[in-house]
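Visitor: So the sequence lines, in the order shown, correspond to chains A and B.
Each residue of the first sequence is one higher than the last, beginning at 1 in our numbering.
Each residue of the second sequence is one higher than the last, beginning at 1 in our numbering.
No lab work stands behind these hints, which were simulated from the structure alone.
Be aware that a few hints might be false.
[What the hints assert, rightly or not] From the derived model, a few chain A residues whose C-beta atoms are all more than 10 Å from chain B:
hint, residue
1, Asp3
2, Arg11
3, Pro121
4, Arg122
5, Arg130
6, Val198
7, Ile201
8, Arg252
9, Asn259
10, Ala292
11, Ser301
12, Ala308
13, Arg362
[To be verified] Computed cross-link-like contacts, DMTMM-like style, restricted to lysine to aspartate or glutamate with a CA-CA straight-line distance of at most 25 Å:
hint, chain 1, residue 1, chain 2, residue 2
14, B, Lys38, B, Glu57
15, A, Lys46, B, Asp22
16, B, Lys38, A, Asp28
17, B, Lys38, A, Glu156
These figures come from a predicted structure and were not determined experimentally.
Here a beta-carbon is modelled for each residue, glycine too, at the ideal position from N, C-alpha and C.
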Amino acid sequence: MSDSAQYSDPRALAGLIGQLREVAGGLDHRLTFMEVCGTHTHSVAKAGLRRMMPPSVRLISGPGCPVCVTPVDYLDRALALAALPDTVVCTFGDLMRVPSSTGSLEQARAEGARVEVVYSPRDALELARRRPQSRVVFLAVGFETTAPTIAAAVAEAEADGVTNFLLLPGNKTMPQVMRVLVDDPQLEVHGFLLPGHVSVITGWRMFGFLAEEFGIPGVVTGFMPTDVVQGVLALARQVAQGHATIANQYGRAVTTAGNLQAHRLVERFFEPADSAWRGFGVVPGSGLGLRAAWAHRDASSIRVDLPAPREPAGCRCGEVLRGVVDPPECPLFANGCDPELPVGACMVSSEGTCSAWYRHERWLEAGT
Amino acid sequence: MCLAIPMVLVERSEFDGVVELDGVRRTVSLMLLPDARKGEQLLIHAGYAIGRLDADEAAETLALLREYADAVVGL
Chain A
1 MSDSAQYSDP
11 RALAGLIGQL
21 REVAGGLDHR
31 LTFMEVCGTH
41 THSVAKAGLR
51 RMMPPSVRLI
61 SGPGCPVCVT
71 PVDYLDRALA
81 LAALPDTVVC
91 TFGDLMRVPS
101 STGSLEQARA
111 EGARVEVVYS
121 PRDALELARR
131 RPQSRVVFLA
141 VGFETTAPTI
151 AAAVAEAEAD
161 GVTNFLLLPG
171 NKTMPQVMRV
181 LVDDPQLEVH
191 GFLLPGHVSV
201 ITGWRMFGFL
211 AEEFGIPGVV
221 TGFMPTDVVQ
231 GVLALARQVA
241 QGHATIANQY
251 GRAVTTAGNL
261 QAHRLVERFF
271 EPADSAWRGF
281 GVVPGSGLGL
291 RAAWAHRDAS
301 SIRVDLPAPR
311 EPAGCRCGEV
321 LRGVVDPPEC
331 PLFANGCDPE
341 LPVGACMVSS
351 EGTCSAWYRH
361 ERWLEAGT
Chain B
1 MCLAIPMVLV
11 ERSEFDGVVE
21 LDGVRRTVSL
31 MLLPDARKGE
41 QLLIHAGYAI
51 GRLDADEAAE
61 TLALLREYAD
71 AVVGL
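Please model the complete structure; the sequences and the hints are all you need to start from.
Guide: The following block contains the structure:
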């Protein structure tokens with residue numbers, strides 16, 4: 001069996017779920033565990049893990065999809081920049097269909113705006129080299145996993161004197177928004193499945209505050225089906241034993257301190273900044289802004305006219321991102337909002353909670 | 001979006017590497033993992049190697065999974 005087949009082995013899954021049933025069955029209350037990573041959202045839905053859980057274990061999704069949490073005014077600014085002369089906006093593909101106040105980047109491109117989809121921030125840098133007369137603005141979104149790749153592209157631009165490569169800073173970091181989740185009286189979370197690839201960069205130790213300050217356990221978890229169930233089992237065991245520590249299920253990829261070279265690059269170019277999240281509003285210190293020394297690469301200081309920010313009417317994406325409602329509780333879910341014609345951001349991205357439920361678990365009831 | 005794909009490093013120069021998965025090759029930046037060695041499984045995200053997979057840790061996890069699988073009768 002290949003490694004990848006072993007990480008999806010139905011027998012191993014059955015064994016793990018049997019253990020989980022035993023541990024959770026010994027508790028007198030229901031367990032709610034939250035994942036905060038779009039790749040987990042997708043893995044859970046695709047492998048059908050939610051309906052494999054014992055009835056007393058509930059898996060919910062938090063603000064783990066970077067595209068989904070990017071607020072509408074960021075997209076408004078991106079669209080306004082794309083309309084400027086001699087300006088090209090470069091973006092990861094996921095952002096293309098997310099609605100702004102006036103339409104998506106995809107629609108704007110169809111109407112003639114200069115928007116390019118790139119796979120890597122480096123591709124945007126290449127474009128800047130090829131078109132020295134244009135200003136190339138990269139839409140810098142993504143969590144701790146992605147920020148170092150953007151910092152590396154800026155480092156390369158600095159080293160090679162590529163002055164026409166700019167960022168629209170929108171990167172976000174997990175710790176501060178997780179504090180908001182933990183403090184939310186509408187939400188009762190007994191443990192967190194922690195994001196494996198964020199942790200490749202940060203190291204698992206970054207999440208220590210959850211256990212130390214709040215007494216909530218966390219398990220850094222990989223993305224294969226057995227990884228996720230192992231993570232859930234490890235959380236259930238901690239609750240059953242009355243422990244709260246940060247454990248590392250994804251030891252094959254995640255170390256205590258993470259990727260130090262990535263830390264150095266992020267640190268060189270970025271500093272913590274207040275950042276607006278869809279569903280949460282502005283969370284202090286939850287984003288990354290360019291340091292003053294690199295202001296010449298900051299496209300957010302370019303003057304543009306912005307529309308009044310407008311979210312789609314009736315869309316409950318914000319509450320879905322906070323984990324307080326499941327997608328079927330939104331009146332638009334599968335009723336005017338689906339992956340073909342999405343209304344809200346959580347249905348646009350394949351990692352969005354609404355999209356994952358729609359594609360794989362449409363028949364499940366809220367609260368499952 | 002935090003998807004990272006494990007691929008094997010087959011060639012490298014000072015800053016770039018060629019990685020391979022199932023016969024598909026692509027060039028990635030090694031700026032975030034300057035000490036990557038040929039033959040290592042790297043995690044590739046947005047055109048950059050961001051980390052590596054530890055073979056011993058992976059073997060340990062797989063051994064544990066076999067124990068769980070073997071404990072299941074009749075599937």
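Visitor: If a hint holds in the structure, say so; if it does not, say that too.
Guide: Now the hints, each set against the structure:
Listed as a non-interface residue, Asp3 of chain A fails to keep its Cβ farther than 10 Å from every Cβ of chain B; the least gap is roughly 7 Å. For Arg11 of chain A, the shortest C-beta to C-beta distance to chain B comes to about 4 Å, within the 10 Å cut-off, and the non-interface label is violated. Against the 10 Å criterion, Pro121 of chain A falls within the reach of chain B, whose nearest CB is about 7 Å from its own CB. With a cut of 10 Å on Cβ distances, Arg122 of chain A falls inside the contact zone with chain B, its closest approach being about 5 Å.
At roughly 17 Å from the closest C-beta of chain B, the C-beta of Arg130 of chain A stays outside 10 Å, upholding its exclusion from the interface. With a cut of 10 Å on Cβ distances, Val198 of chain A falls inside the contact zone with chain B, its closest approach being about 6 Å. The claim that Ile201 of chain A is not at the interface with chain B is violated, since a C-beta of that chain comes within 10 Å of its own (minimum 6 Å). Distance to chain B contradicts Arg252 of chain A as a non-interface residue, since its nearest Cβ pair spans about 4 Å, not more than 10 Å.
Distance check on Asn259 of chain A: its Cβ comes as close as 6 Å (rounded) to a Cβ of chain B, failing to clear the 10 Å threshold; non-interface status is violated. Once the 10 Å rule is applied to beta carbons, Ala292 of chain A is consistent with being away from chain B; the minimum gap is 24 Å. The Cβ of Ser301 of chain A lies farther than 10 Å from every Cβ of chain B, with a closest approach of about 25 Å, so its non-interface assignment holds. Against chain B, the non-interface label of Ala308 of chain A holds: every CB pair exceeds 10 Å, the least being about 28 Å.
Every CB of chain B is more than 10 Å from the CB of Arg362 of chain A (nearest about 23 Å), matching its label as outside the interface. Taken as a hint, the Lys38 of chain B and Glu57 of chain B pair is honoured in the structure, with Cα atoms around 19 Å apart against an allowance of 25 Å. For the hint pairing Lys46 of chain A with Asp22 of chain B, the CA-to-CA distance comes to about 22 Å; that is within 25 Å, so the pair holds. Our distance criterion of 25 Å between C-alpha atoms is broken by Lys38 of chain B and Asp28 of chain A, whose separation comes to about 52 Å.
At roughly 23 Å between alpha-carbon atoms, Lys38 of chain B and Glu156 of chain A fall within 25 Å of each other, so this suggested pair holds.
Going down the numbered hints, you'll see the structure goes against 1, 2, 3, 4, 6, 7, 8, 9, 16, while the others check out.
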